[in-house]
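S.K.: Residues per chain are reported as follows:
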Amino acid sequence: MSDANLSGATPIRKSSLLEQSALTRKRHRTGTVLRWLGLGAISLVMFFLAVLLWSIVSRGVPALFQYQAQIELYYDPAFLNPNGGEVTPEEIGGINLRTGFERGIFTSSLRRTLENAGIDIEATVASRWTAEALTALNGAGLANAEAVIEAAGSSADAAQRLGQAGSALRAAGAALDADDAEAALAARDTAAQALADLGFDEAASVVAGIAIADGAAALTATGYQQALLDAAGALRQPAQFDDAALSALIYATNRRDVRDRLVENPDLIGTTDATGVPIDISVTRYLSGELSGVGTAQMPPGFDIGQLALVDAMQEAGLISNAFRWHFFTNPYSQSGEIAGIGPALMGSAYMMLVVLVFSLVFGVAASIYLEEFAPKNRLTDFIEINIANLAAVPSIVFGILGAAILFTLMDLGFGNSIRGTALLGGIVLSLMTLPTIVIATRSALKAVPPSIADAALGVGASKVQMVFHHKLPLAAPGILTGTIIGIAQALGETAPLLLIGLSVSTGAALLSSPFAGGLLEQAQSMPTVVYLFAQNQDAPVREGLAQSAILVMLVLLFALNILAIILRRKFERRW
Amino acid sequence: MDDLRRIERTADMNDTKISAKGVQVFYGETHAIKDVSVEIGDKTVTAFIGPSGCGKSTFLRCLNRMNDTIDICRVQGSITMDGQDIYDPRVDPVQLRAKVGMVFQKPNPFPKSIYDNVAYGPKIHGLARTKADLDGIVEASLRRAALWNEVKDRLESPGTGLSGGQQQRLCIARAVATAPEVLLMDEPCSALDPIATAQIEELIDELRQQFSVVIVTHSMQQAARVSQKTAFFHLGHLVEFNDTDQIFTNPQDTRTESYITGRIG
Amino acid sequence: MGAFLNFPVVLLVIILVSVAGYLLGSRRASAIDPRTMHSRPHQHGWHVVFAAAAPAVLFMMLWVFGAGIASNIYANAIIPDDLPDVQVTSQQRESLTERELEVREEVLRTQFVAGVRGLAVAIDGYIANGNATEAEVDGWSADSVQDRLRADGQVVGSAVTPGMLRVVQDMRQFNGRVATIGPVIALVLTFAGFLVALRLVSAEFRARIVVERWIVGFLIFASTMAILTTMAILAALTLPSINFFREYGFFNFLFGMAWAPAGDVVGIPEGRNGEYESVLGFVPLIWGTIYISVVALLVAVPLGLLAAVYLSEFASRRTRSWVKPALEILAGVPTIVYGIFALITIGPFLQAVVGATVMPNTVSVMTAGVVMGMMLVPFVSSLSDDVINAVPQAMRDGSLGLGATQAETVTKVILPAALPGIVGAVVLAASRAIGETMIVVLAAGALSNVQGIEPNPFGAVVTVTTRIVAVLTGEGSGFDSIDVLAVFALAFTLFFITLALNLLAQRMVAKYREQYD
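First to last, the protein sequences are chains X, U and B. Going by my numbering, the residue at position 472 of the first sequence is 472; the numbering climbs one at a time, nothing skipped. Going by my numbering, the residue at position 46 of the second sequence is 46; the numbering climbs one at a time, nothing skipped. Going by my numbering, the residue at position 96 of the third sequence is 96; the numbering climbs one at a time, nothing skipped.
Simulated from the structure, these hints should not be mistaken for laboratory data. Bear in mind the structure is a predicted one, so any value in this text is a computation, not a measurement. This list has only true hints and no planted wrong ones.
Keeping only pairs whose Cα atoms sit at most 25 Å apart, straight-line, the calculated SDA-like set for lysine to any residue is:
no., chain 1, residue 1, chain 2, residue 2
1, U, Lys106, B, Ser312
2, U, Lys112, U, Ser190
3, B, Lys324, X, Leu37
4, B, Lys324, X, Val556
From just these sequences and the hints, can you work out the full model?
M.R.: Here's what the structure looks like:
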């Protein structure tokens, strides 16, 4: 040990402890960066979680409520019993649902209800369109527009006259761009005259003042032509408002139910029944304020401002209510968001969870007991252990492929179709997926039971089977149960495998019969697959609204299961 | 005690390096250290002895504020080093620990090369400007830990591959590489065999020439062999603090006597 | 008799006999002097239960399965070879090769059998609704059957020919016989077991040992379920895949740059030059899969790792106590929820940010990748957390004792020490990303035909899993379609890629753990 070396390692630093050196400050700053990065990462993830949950709740909760038109449903004999006299159930059953019930009963009842509420349907529609026309005309500087329209008498007449003037302007524009100066002058003056005839004097003089040299561009710049044609278009609309347009506002959901009711009880004919009929799902986006109804982009697809005027009037008259969508929990899935529900999906999921519970609990616990307590340490048990570990990490879709292969094989063998899309098949596939989770949980629960208990039991002469079933299993039960519930919660949200074995059918899945009456062998849906269906629906309100409601229900169930697991764990937690 | 190897006790014991007054330590509700006052001299080996759970390690960890890393631990009283209160809010424990190095019970080399283990402290504290500086510090530290000759040809091999005694000497080299003023050793030999223990003890005696060394040990023989001053802890109290010779030959307190004669412990 | 004696009824009888068996068996055993007995009375009771129920239930399960197969074999056997329904018309016959003819006839036969089964189900429903008796059905003629069944609301798929009706009638009679014999045998087994076991009750009979042997037998059977599942998966993936590789060519698949299924029947290439019209190349799909996975990992690994470091080294107990459950919530959300979130929230958001020229659709690599990354954050962070916590406290103390700051301890000591474990966690996350399905199905793109690879991270891609779902969802066409076989080949590769990654990760983590245990 030479002194030269030693001195190199011990620089004399008589620094005060109370002052932070520059280097230490710098080191702490660098450290703070890491801390902030960590905090930032967590904040980002929490923010993501918040946005995720918010996007579900903020869309899903409102979608659980449905706008309904309160209609005095009148079972009109004119449609139901056109010939008068005694009506037979067969006759009612034979009436066309669309023309007879939807138009005949629902639409005319809607019309009647509106009229009783003091709403003049045609006038409401017409005044909205007139306002639209006025906006167009005034926007182009065509002063005096109101008087001009009034002077025309009916909307249709006004539309015609405005349209003619617009056409004259269009003709003038075409002539101004052509080479014939004389014809251009004539056309320009004709157009000016047409405007003057209508009463747009100011505009007429503007048009008359356009020089040939300025050409059509000057005419277009006035905006008269577009405004006149737009206004004419708007004023033409009220005449086209018909029953179909009125009928489109509501979804005659229970027309079939109504028919069935009348078939059962023809005496109802001629009576009135106050009922809530769902508003068309596109219109609900207007009612909820999601679409403003101004401009094409903000218009509910398939609707126009005349219909929205009626909706406004109905709302003002208190005819529209926002009611909780109870039928969402009982109805089957449908392409029509107004009546779509998750009833069969809830049942299907419940049945599948039942299958998973029975199957994976029995087999999972049995397998764990064998591996943990009885299995000799040999190649076979090693192989089983490796298998279980790997099965736990196999992508879920592979289990779906397995299900599909089983299905195809059974179809080749002769009974594939009877099992396709059933809760039984779904449950079995999910069970195979859940099995590793339950085996792992059960084994750790069995491991946690101290060997002293086993020794004590064996010491008083119990057989190994008795030791396990009398002592270990009851002590490990809470752990096993917790693991099972978590496994089931996982299975509840699993989608991909179920898609491959036919649980995502959009039609044909009704409420299931009891499991003892073959309910396990009926076409089923599950919560995640119905969510998938909602997400694929053609209507944006269904995709963005009801899909979130279904997710909400699913998440509530999942959280309930997880909380149950946590409570069980807390309650029975035992430290040895 | 005649069989014990006596060491020369000529150290300059006039300078007080660390002075603790009325120190109380609480772990949550547990009162672990009760009103301990002790003066630790410079260039001296001070041994803390006492039965397990008596608080000697806890007190040791107060001296470089390692207890700060435990959430529920509270320290009261004053501990000064060179007259400066180490629990002053302005004191950065990071800087303190550079001056008060520590060696732990179980050798804990980092899973890095031998060189990197030793160079770790100098690197983070910015003690070396150049690679040559760093090489110099590493070599000097390893020499001081009496490990250089054993590892100089394999500085890049992992520190975890050394034997237990070598690992502990590596940890000592790692601690001295930051040029501390005080070296705390928490039962540094308890995980080692007798030969490795003897090597470490020899090393401690050499280290005394430059550092103030505080060693916690459960072996009275070790305390007698390596230390000039000894503090006996019992149930969180400092029972007796005196020259090592005095403690082992003429204890003032009956508890000390009981302990060194093996009646309690 | 057949109407009343079905398996649910038999099951009920078995349960009743078992209960009776337990009571009788234990009572009989109670009558014996307990000091002379080997087994306790209730063990004798259980023995009777097992003897009565186990063989009968096992038989019932096998019988149901076997009956279905037998019915199918019977139906195939009784189809006359000259039945026009299963003949290729002589006109077509001329333009076909021997092999194609064979395949076509096979397909016709399969379709015919499917029609037969469908018709049988419809007739069963018709009878169950009380519209006709068995005897009446035997007298039906082919032309009226369809209308009759439709009027009752039964689903009749294909047209009913006289040949089909005859086969259906024969098959239903066969099924009826099978359905009667099975339950009878099950009942005989039940009572035989019951009586034999009851007779065995005696002081010397070791009921406990026998019962325990039954139980352990069941335990062993249950523990082989994992092997059976793995073997079933392997068989389900391998057999169709081999068939596909033989038909389509392994290298055509592996290096094919386009994916465009056209629905060819296996064995009948419909394109020119005797090739399949379907183009089934793996490259564009694995490209999409890996692209999205890489994006996901770029999101998940830094975030997950930083979160784990913060939680285990910096966070206060209170922060931990609410961040950890929140991460668990994130981990427990089903992937379809993430998929929909990506589709309706993240996709439009990204499009608004980068513009519609760069990102023509709301579905894209980034849409799916970012959300998948967020999904993987809890996974990465909890695995990393475990790994970081496995680094011994002595390492931290050693570093802190030298005067290192907390951050220096983390970056210079703990993370390097934990690196192998963290890499293992990342590999596991990669395996999850590659096998993830619902997020990509909803948010990556749904093109059914792709050419080459899409380099734009804001462009839509297809992945292995989206193609599997697209082909197999809805009415599956069975193993007859080359596209379906191709999908099995996709799943086959997917399975082995993820398996390899999992095994790799398990090894890495295990090695890492050994280091500190």
